[in-house]
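Undergrad: Going line by line, the protein sequences match chains D and P.
Be aware that the first sequence starts at 1, since it is given in the working numbering, and climbs by one per residue.
Be aware that the second sequence starts at 1, since it is given in the working numbering, and climbs by one per residue.
Just to be clear, a hint being listed does not mean it is correct.
For chains that are exact copies, the list does not tell them apart, and a pair is met inside one copy or across any two.
Stated by the list, open to error - Straight-line C-alpha distance at most 27 angstroms; calculated DSS-like pairs for lysine-lysine:
#, residue 1, residue 2
1, Lys-100, Lys-216
2, Lys-238, Lys-146
3, Lys-23, Lys-100
4, Lys-42, Lys-238
No lab work stands behind these hints: they were computed from the structure.
Number of protein chains: 2
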Amino acid sequence: MTSNLITSPSDAREMIRQNNWPKPTSGLSNGFIQANLAVLPKELAFEFLLFCQRNPKPCPIIDITDPGSGIPALAAPDADLRTDIPKYRVYRNGELAEEKTDVSDIWDDNMVGFLLGCSFTFEEALLNNGIPIRHIEENCNVPMYKTNIECVKAGRFEGPMVVSMRPMSEKDAIRAVQVTSRFPSVHGAPVHIGNPASIGIYDIQNPDFGDRVTIKEGEVPVFWACGVTPQAIAMHVKPEIMITHAPGFMFITDIKNEQYAVI
Amino acid sequence: MTSNLITSPSDAREMIRQNNWPKPTSGLSNGFIQANLAVLPKELAFEFLLFCQRNPKPCPIIDITDPGSGIPALAAPDADLRTDIPKYRVYRNGELAEEKTDVSDIWDDNMVGFLLGCSFTFEEALLNNGIPIRHIEENCNVPMYKTNIECVKAGRFEGPMVVSMRPMSEKDAIRAVQVTSRFPSVHGAPVHIGNPASIGIYDIQNPDFGDRVTIKEGEVPVFWACGVTPQAIAMHVKPEIMITHAPGFMFITDIKNEQYAVI
C-alpha cells in the first residue's frame, strides 16, 4: 500500500520554525505553491514592486507584506516569513553577510517581504503531463543562464533576465507551452525555444548558475524566465540590507498549485 | 461597401491631444485595450500599488509611470497621459474640483500614473462569442453596485468591491465565464453569478452607479469586478490631489485586446 499522506503546509512550516527541517523544501507539502523570498527596506519597495509589475515573467508576485510585518496575509495568514523558511541569506550592500535560520532579530519596521513564484509549480504540471525533466532525472540543479534580454527598468532596478533551461523533444516542447501558459503566476510560458545564441547564450554546456544537464539527440532547449533574476538585479542596487531564502529552501504557502492556474 | 478602417491608437491619441475628439472613446480604435486612469502623489503610490496587487480583479494593472513621468512605457511609449485623454477629472481632498482636457500644468514631479484595465475588452470578447450585452442594446451605461465583498486592505486603502452587472441566459453565463477567464488583465472571470443578495445587493433595479437595465425572464445576473472600485476607494483616502479620466473618456493603448489573453 502506498502512503499518500502529505504534510500540510501549516505542519511543514511548524516543523521548519522549530528547526526540524534543515534541508531543501522540494517535495515537502507536495501540490502547494512554494515561493522565493526577497526582503527589502521600504524606501526600495515601490521601485522593486514596479520592477516586478513590469517584468511579470521573471518576477511573478505571490504576496507582499505590509511594511514591518512578516505575515503573508494572502498566501499563508498563519505563517511568519521571519521564521518559516529553513535557511535565509542576509546580504549587506550587495555582499552575502551571513546565513541564518531565523531573521526575526533583523526584520525591523522598515522591511517589506516579497514572495515570488518559483518553478516547482510548473515542473509538477509538466511531470503530470508526462514530460520528463532532465535535471530531476539527473538529480542536480536546473541550469540557469544570463541572457541578452533586458528587463524593463524601474528606478534603480535594471539588468538582464536570467533563464532556466529544460531540454525536451520538440513534441513535448509544444505541450510544455500549453501546460505552463496556465500558470502565469509561476513564470508562465517559456521565453524562448531553440537557438540559445539568439538570446545571448553561447555555451549551453556552461550555465552561469546551477548545473549542466544532458541534451539528447533530437531535443530542443526550452527556456523559462527564472526567479533568480530579481535577486540578481536587486543585488546590483547594493541595498544596505536585503534578505532572501537560501537556494532550494523555499517558503511553503497554503495555496494549491492548481488554484494558480488561470483557466 | 462597409468601411473597416480603424483609426490607429497613435492617430486617435493625436486627435485627442489636439482636442478634436471631445467625446467618449468607446468604439474608437476598436480592438485595442482602453484603460482607466488614476494618478496619485508618490507618497501614496506604494500603498495603492500594493492594493491593486492584492485586488487584481477590480484593479488589473496595465501600466504604471515612473514618478513625474506621463509616459506609459509599456502600453504606449509615444503617448503622454497628461494630454492624451479627452476629459480628466481633478479631485482635491476627495472632492471633484474641476474637469480638464489637459493636465500638464498640474502633473508635477511627484505624480505617479496608473493605467487599469476596463471592461471594453471583455465586452468585445463576449460580443464576438455571440453573447448580447444588455446595456449596449439599451444604449445606456452598465449598472454598477456596491457589494459586501471587502477588498483586501493595503495601508490606507480599504473598502468594498464595486461590481458591474450584465444579465444573460444561463447557457451564455457559462460561456461568459470561459471567455472572460482568458482576460485576467481586464477584470477576468465574473465574481458572482445568480443571487444578488448573497453579495449584498438588495435591489437590482437600483444600481449605485450607471443605469438600470432590463432583466428578461430566464436570465441570470452576472457580476464582474469593476474598475470604479479603486477610484471609489482612493477617494475615501482623500488624497490632496488625485487625477482620473472622466467616465467613458478612456486612455487608448497600443496593445491589442487579444494580446492580453492569457492563452
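Undergrad: Decide, hint by hint, whether the structure agrees.
TA: These are the hints, each one checked on the structure:
no. : hint              : verdict
1   : Lys-100 - Lys-216 : neither (40 angstroms within a copy, 63 angstroms between copies)
2   : Lys-238 - Lys-146 : within (19 angstroms within a copy, 45 angstroms between copies)
3   : Lys-23 - Lys-100  : within (13 angstroms within a copy, 60 angstroms between copies)
4   : Lys-42 - Lys-238  : both (14 angstroms within a copy, 23 angstroms between copies)
This entry does not satisfy hint 1, going by the numbered hints stated previously; all others are met.
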